[in-house]
Structure formats: C-alpha cells, structure tokens
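From first to last, the protein sequence lines stand for chains A and B. To convert, note that position 406 of the first sequence is 406 in our numbering; the numbers rise steadily by one, no gaps. So the mapping is simple: our numbering equals the position in the second sequence, first residue as 1, plus 425.
Calculated directly from the structure, the hints in this document are not laboratory data. Treat the hints with care, as some may be off.
Residues of chain A clear of chain B, computed beta-carbon distances all greater than 10 Å [unchecked claim]:
1. Ser48
2. Glu77
3. Arg82
4. Arg87
5. Thr101
6. Glu144
7. Ser159
8. Asn184
9. Tyr185
10. Ser214
11. Glu240
Simulated DEER-style distance windows between Cβ atoms [as the list claims (entries may be wrong)]:
12. A/Asp124 x B/Gly536: 48 to 54 Å
13. A/Ser159 x B/Phe644: 40 to 46 Å
14. B/Val433 x A/Lys89: 47 to 53 Å
15. B/Gly658 x A/Asn21: 57 to 63 Å
Yeah, the Cβ is synthetic: ideal placement off N, Cα and C, and Gly gets one too.
So the chains spell out like this:
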Amino acid sequence: MAASISGYTFSSVCYHSANSNSDHEGFLLGEVRQEETLSISDSQISSSEFLHIVEVHNHEPCAQLFSFYDYAGKVNEENLNRILKDRRKNVIGWYRFRRNTQQQMSFREQVIHKQLTNILGIPDLVFLLFSFISTANSSTHALEYVLFRPNRRYNQRISLSIPNLGNTSQQEYKVSSVPNTSKNYASVIKEHGAEFFDKDGVIKDIRAIFQVYSALQDKVQAVCAEVDQSERVKEKIQEEVKKLKEEISLRKRITAAEERRHQESLNTENHSLQDDSALSDSSSPPSLTRVLLQSPPLEVSLDWPPNSTALPLYPAAPAPPPAPPSAILLPRPQAVGSPGHPSPGLGLGNGDGSSSDSLNRQAIGQEDQLEEEEEEEDEDEDSSEYENLVSERLQSPSLTDTAVSLGRPAALWPDGDTHSSGGSS
Amino acid sequence: MNSLSPEVALSRISPELRPLLCSVVRNGRVGLDSTNCLRITDLKTGCTSLTPGPCCDRFKLHIPYAGETLKWDIIFNARDPELPPDFIFGEDAEFLPEPSELPHLVAWDAGDPDCLLQLVKELLQQYHQYQCQRLRDSSRLLFEYDSLLEDPNYGRSMEIYAGRKNSWTGEFSARFLLKLPVDFSNIPIYLLKDTALDPGEDVALLSVSFEDAEATQVFPKLFLSPSIEHALGGPSALHIPAFPSGGCLIDYVPQVCQLLTNKVQYVIQGYHKRREYIAAFLSHFGMGVVEYDAVGFTKLTLLLMWKDFCFLVHVDLPLYFPRDQPTLTFQSIYHFTSSGQLYSQVQKSYPYSPRWDGNEMAKRAKAYFKSFIPQFQEGAFANGKL
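Chain A extracted, bound-state conformation:
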C-alpha cells in the first residue's frame, strides 16, 4: 500500500495543527484507487500485482476536541455529519496532532477509529498521527508523522510520500497525480484555458506539430511515388540500352562477316600475290582495329547530347518533373517550428553534398559519363533542389539512399545544409 499527500495539503494540516494550543484533529479527504501491474516475463506467464494507492487531496479540521464523540469515546453520527457535510463520501481517514507524545495510537483513538470504520463504511480507514517533539530549551522542534492502517493486523504503518519534498537536485520535479481540487484554480484555468487548449482539450501546439508531421508524411509519400515512377523509367531505359547493345553487336558481327567475305574474295583474287600474306595479316588487324575503332563512335553516338539524340530514346528523361516546383520543394526547417524556406547558395549537387560524390563513385559503366554530362547540364538549372531530384532519379543506388534521407527530417540541420546520413555511406 502506498500513500501520498500533496505538499500544500500537508503544509495546511501542519499549519492548522501547529497553531492550535492543544491537541488537534480532523478528517482526511481524498481517494483510494487500486493499481494492477501485469508483468510478463520469459520465466512466467504473467503475474499481476495489486497496489492500493491512497491519495490525500484535502483535509477538514475540527474546531475543537470532542466535537463528534463523547467522554466515553462514542461517536455521534449527527455531529459527524455536521462537520463533514457533503464531503462525507470523500473521507479516507482522519488525523490527530499531539505534542510530546509517543508515536502510538492511544486508547481513545483506537476506540474512535473502530467506530468510524463502521459508520463511514470504509474498511481500510487510515489514521495519520502527527507528533511534535520539542527539546527542553525549545531549540529544536521535530514534526513527526506516521500513517497507520489500524484495521490490519500486520504492517500497520505505511509510508506517506510527499512529492517533491526532499532532495530534488538529483531528480526531476515530479508532477503529482494528486489533483488540485480548489474551485478558484478550476475557474481560472477555465477562463484562460482557451489560449492554450483547443475545443477538445488538447494543447494547441501539439496539434500544430501534428500538422507539420502529417505534411512531411505526405511529401514522403509523394516522393515515394516519384521514385517508383523513375525506377520504372530507368528500367525501361536499361532494357533499351541492352537491346541497342545487342543490335550493335549484331551489326558488328554482320559487318565483320561481310568484311571477311570481302577479304576472302580479295584473297582469292590476290592468290598469286602470296608474299603479301604478311601484309594481309597485318592488314586484318588494321581492319579489325578499324572495326574496333568504329565501335566507340557507335558508342559515342549513343551518348545523348541532351538536346538531340537523347530525345527519341528517352523522351521523358530530362524533362522537368511534371509536378509544380512547390510540391517537390521539401520544406527545410531552419529552426524548430518555423516553416521551411529553401536555402539559397547551395553548390553543385551539394544539396546533399556528399551524395553527389557518392553518385560519382557509385555510377556503373556508361552511366558515369551520363552523370557527368547531366551534372554539367544541371549547373544551368535555377534551383539547386531540382538538381537533386533530376540527377538523382537517373542513378539507381544513390537514388534510393537519397529518397530515404529526404524522408528523415530529423537528419536536417537548422543551418540549412542537409547532410543525409544515408548519402554519406
């Protein structure tokens, strides 16, 4: 069983008690609740622990002694109701203050406690005993308090905790679960609460943050769609590249075959000229090299100057993204809570500065040159953010990295430079 009392209630009780010139008593109001802790571990299926929590919210002091009982200790229910009025249902215990006595329940207190338990119908009524000890020369005074639950046979004393009374330098200021039952407090909060709370009782700032969060989520979703689209386009392009390569090699073979036939025909003509066989041998390599030399031009011809040949092969590629710029421009919060503005002055592909390097490193085969050309082209673009998107969409591995990094606003730094941890790997 645990018990807690708020600091102000405790100090109020102490104040009433210490200012009385004799013993003092009163009632404790609050609530008792039961907490069940279910713990599941590997060794056992589940175990539940029940904990009674007694919370003291308020107190009702009695104006004088013997106000609700007589000399024999018999409790008078009428007087009790007169003192408690409509707070009778909130009673969880009672308290007594006496100076210079032992921390033990006295004869009359026990008699009264039994009767109160029956009259109020609270089986676990608690009793808080304050004793005030002063030294003989009045130099030191001690206020001691013990909470009893006399209706139990064992473990009659329970510890009473007062939140935030103690050494708070090493622990945080705790918010107590003991509610403030003051009417004045409730009316002030009601009056001024509209500035902080919306109609549902939720703090407004929380809603604003949620809105930012959902906007970010939408953007991430949109980028995902775009990534998906660009991946498909890339796949298509790769297929075409493959096809074209095959065509090239086919054409090469055809050409080579024709050349051979041609050579053979030449050889049969120059059959008499056998001393030229060496030359013919040597000439074949030149023809081969010529053939070979021809292939790069073939490959080169496959380079896409963005303006001309690229167009028939990759119609969709370099076109600016169909979505309006604002949709792609991801807000980059400079500071927490402020709407993001795109940071100017970012260098070449340095929106994700490291990522452009990684793009270079990760490029595969022909794509290296493609990238370089692309990047050179992209220098001319206005917005550096565009270059992020456009260049990245053409590169498979880094694209996914960057897309992931875009979805992680936590990695963004307030100074505007974006460093994606994914891109730097």
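Once you've looked at the hints, dock chain B against the given chain A.
Coordinates of chain B only, in the frame set by chain A:
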C-alpha cells in the same frame, strides 16, 4: 527517565490539573503492592512552546502490578482541563478496555480530585481481566488460575501478569501475585515500631513466577511489608519451601500461608510467654530485680546475694521463647577482666523445659542459681581482679 518527587511534579503541572495529580501522587496506592506508590515521570506539555509555564499536561505513570511496573502515558489538555484524559498503555498495544466498563471515564468529573485515581484503579481492573484472558494460551496456567479463583481466600486478591510470549522459543511466562490472608493484627506493637518508614498496611505477598507454560520452572518468592519482616525476625522470615514439582498453587499457597501463620503465632505466643516469665520472676525475686524490659519483655536483670557475694544475672529472652532457652549471664560486681569489663559468665544450657510455666521456671532458676553460684564465685576470684 528521572523520577520526579511529588512536589516537583505538582509544581510543574498545569494549575487546573493539579488537584487530580495531587491525589494520585499523595494517596495513590493501587493494587496489592501498596508499599510502592505511583510514580510520575516525563512531564511534558501539549501547549505551544511559547506558552508560559507551568503548563505540563501529560506524563508517564508508573504503576506496580504483579511484580512488574506498568508505564502508562496519560494525556490531558491544559487548555481544556475539564476534558477526560487519554491513555497510551505502553507496550501493551493490544490492551483495549471497554469504555463502558470505566464509570469514572464515562462520567468524568474534573472537579473531583479523586477522579483520576479512581479511573486508574478501574483501568487496572480491566488490565487484570485482560491478563487473565491471556492465560488461556496455556491450559495448565489457566487451571491454576481457575482453581485459585474458586477459593474465596485467594480469589479476590490476585494479580496476574501473563508475560509476552517469547517469539523465538514460544515460551510463555506468567506471574501470580497473591495476597496471603494472614492476620497480623495481634502482633505486638513494640515489634513494629522500629521501622523508620511509614509502614503502611501490613501485608504478605506471595509471588510465583512460571517461566514456562508447563509449570516445570516455578520460582516462588515471599514479600513482607518491612514491619512484619522485622517482627518475624528479619530476612530469615522470608524463607519458604520450594515449589514442589508437579504441584499446583492451590496446594502450595495454603502451605505457605500456614507456615506464615505459625510463625506469627509463635511470635505472639512468645510475647505472652515472656510476659508471664518476667511476671513470675518479679514475684519470686521481688526486690532483687534491677530492671526489666516492660514493653517487649526481652530482658531482665537481677541483683542477688549469696553468702555476702553479690552478683548480677542478666536474662535474655529470645524471640521464639519458650521454644528457645533464655540466656543467663552472670556478672560479678567486684571483679574486672583484663579488658576492663566486669567479669561475667554466660550460661546457655541449664536445666530447662519449655513446658514449664512462668512460676515453675522462676523456681527452677532460683535453684539453679544456688547451685551455680559457688562455681561462679571461684571463677570470679580466680580470673578477675578487684
């Protein structure tokens, strides 16, 4: 824990409560053991520390009971002196008397100085009941208690203390304190006058401690009020027979009672016998009597002459006369010993019988003197110097 003298306690207590405490301190004798009166310690106040004194209103009361001392806290409120006090019963946390059994609490009258004392007596009665209830843990001791209760001689003046069960060994101990119904009223006054303190009531208490529930370790002890103890011959009067193993109180206590009664009878008898003896000697020796103890009849001095030889005879009568023989001391009036004392000879054994009456003893004594004196004279002349 310093015990306060009654005057100090009274001076520190709040004036409105003073009469109540006065009767407790001055007249407070509760329980069987009335030689120990109630003590007050730990006077404290329930008022704020700035209240000018005297304003003490709570204290600890020490009550002797069944050989133990109960320490009860009594709590008043100086600001509301008409209200009845509250009690904390020390270590007896389970003792909770029924308020309806305490008439002086229900009808507390702060104007009656004896109210507190009466309330304490009622509480003590309830405490006794509570202790007797605790005896139910041991059937053997309960039997002892019940058997004593039935006997009207002992049942009404008994205090039981059923000790705490030793939680380690499960031992249960109890102490019975019984007032023995012995009549001390006929003891001659002279025997009682020597005590310096106020003797109080003459009482004999028998305390029997049972150290275990099976009554195998039993330690009886007799307590006598100081005057009785002196009258019966000092600490030797406290010797009582050991508790017979397997015996029970209902047999043992009457035994002790009888022993004590016999002693008292002897003492009373002795007194009368001595008186008779002295009277007889007075009548036989007449002018020869120098002096005698006319109160206790324990001494007698005679000055006798035989053939122009004068001598003194001192007769010392013991406490248990006539069972014990008187001591005769013959003293010469002429001769001195080397240490400057008169030459004397002590005779403890001479013809004597306790069955003789005073006259007979006087006659026989006279005859003995006649027979012994020549011897004494020779001795005096031989060993003493003039």
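- Query: What hint numbers does the structure not satisfy?
  - Reply: Hint check: 5, 12 fail, others pass.
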